[in-house]
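Peer 1: Next come the chains, spelled out residue by residue.
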Amino acid sequence: MTLAVTAVALLIGAVLGAIVAAAKLSGNRVLSFLGSVYTTVFRGVPELLIIYLIYFGGSTAVTAIGQAMGYEGFLGLPSFAAGALAVGIISGSYQAEVFRGAYLAVAKGELEAASAIGMSRALRFRRIIMPQVLRYALPGVGNVWQLSLKDSALISVTGLAELMRTSQVAAGSTRQYFLFFIVGGALYLVLTSLSDQVFDRAERRANRSMPSAMGQV
Amino acid sequence: MDIAFLSSTMVTLLKALPVTLALFALSVTIGCVLALVIVWMRVGGNRYLAAFAKGYIFVFRGSPLLIQMFLVFYGLAQFDFIRNGPLWPLLREPFVCAVLSLALCTGGYSAEIFRGGIRSVPPREIEAARAIGMSGFLLVRRIIAPIALRYALPAYSTEVVLMMKSTSLASLVTVWEVTGVAQRLISHTYRTMEVFLCAAVIYLVLNFIVLQAMALLEHVLSRHLRAAPPAAKV
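Those protein sequence lines, which keep their order, are chains R and C.
So the first sequence is numbered by the numbering used here: it starts at 95 and just counts up by one.
So the second sequence is numbered by the numbering used here: it starts at -17 and just counts up by one.
Honestly, the hints are just simulated from the structure, not real lab data.
None of the values given here were measured: they were computed from a predicted structure.
Mixed in with the good hints, there may be bad ones.
Said to hold, decoys possible - Under the rule of at most 25 Å between Cα atoms (straight-line distance), these lysine to aspartate or glutamate pairs were calculated in the DMTMM-like manner:
1) C:Lys36 - R:Asp290
2) C:Lys36 - R:Glu204
3) C:Lys(-3) - C:Asp(-16)
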């Protein structure tokens, strides 16, 4: 459950991050201002608050929509959706900065060369920008994944039965708090160190065309 | 928009601000000292101390802060020797538990940041200092620490902002700081959006102030870089 919620959140975050990064880089002043507001707000407000806001605020919104459509009573947002959305929005603000940095790392000369041989904007984006941005962004995305993995523990406050919530319930019902929290913590350690290795592999694979010196930062 | 409600909410939340600030200040200070000790172990050259520091950093960076906090708050109370021990009056307090776990966690992160700073000290400067006869503590105080501090500052300011946000987790171990009070207000009024937005504004302002202070510090510490002519820059 922890992995599922984090993976969905990372996907939501990737889409949001790409949009916000595009907005910040667009050169349009209104768009880049909106992008900055997004990244500042969601990186400056505690994750716990955002999860509460989305969970309760989202439920209020869903209820309002339901009432407008003639449904009486309270409609809750499922805790999985609310949690994934909240962590997704947070990771989106971090990923936006990661993508922006990666785009800025693409050498200007390559873009000019692509234009010079007559590539259209779409082709240039697909052939020149995308592959390089993905490669440069990979370490940053790995960081965000680790952050989201740990943020996902906060989703337990909405009652979603992920790793944290399960160890809490187990600890509460057996009164063996120390044991179950240690086990829960150890499982998180396993997850983070495993994903560290996965990202290491991916990075090495993405950099296999580069001279070896560039792979080692 | 209900201005009267918003302003009364703001006043209630601001009353909880000292608790948040105390959590923040204590845990950042203790965490910083802790990080210095750990980074000293990590780079000090003793193999066992270095392994211990590595393990510490791995554990505290790899697991969620919430689980660490619950471990300290609920977990420690399980053992009789802690319950009967001399520290129990302190460890019974949720505030102390929150500060303890926040400090332990930021100690791990900051140690890694400081290590990055130390590694970026040019070896030539250390060699030069050794050549004119500096050694030990004097070398650290005059050469390594000032340079490492300046390199580590940008990453450390991020960590400090993260700490400010992490203090909100203390509400889950029943410390009445801004987020906790916001939740209590909501259970009385059922006005989720307004209360949480007020709390969010408070945190945003706090983080803005922290970032400005850090930027100012960085500005002061890099005065010599600005004074130098562009050609002399490394």
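Peer 1: Run every hint past the structure and note whether it holds.
Peer 2: Consistency of the hints with the structure:
no., hint, verdict
1, C:Lys36 - R:Asp290, "16 Å, holds"
2, C:Lys36 - R:Glu204, "41 Å, violated"
3, C:Lys(-3) - C:Asp(-16), "20 Å, holds"
Going down the numbered hints, you'll see the structure goes against just number 2.
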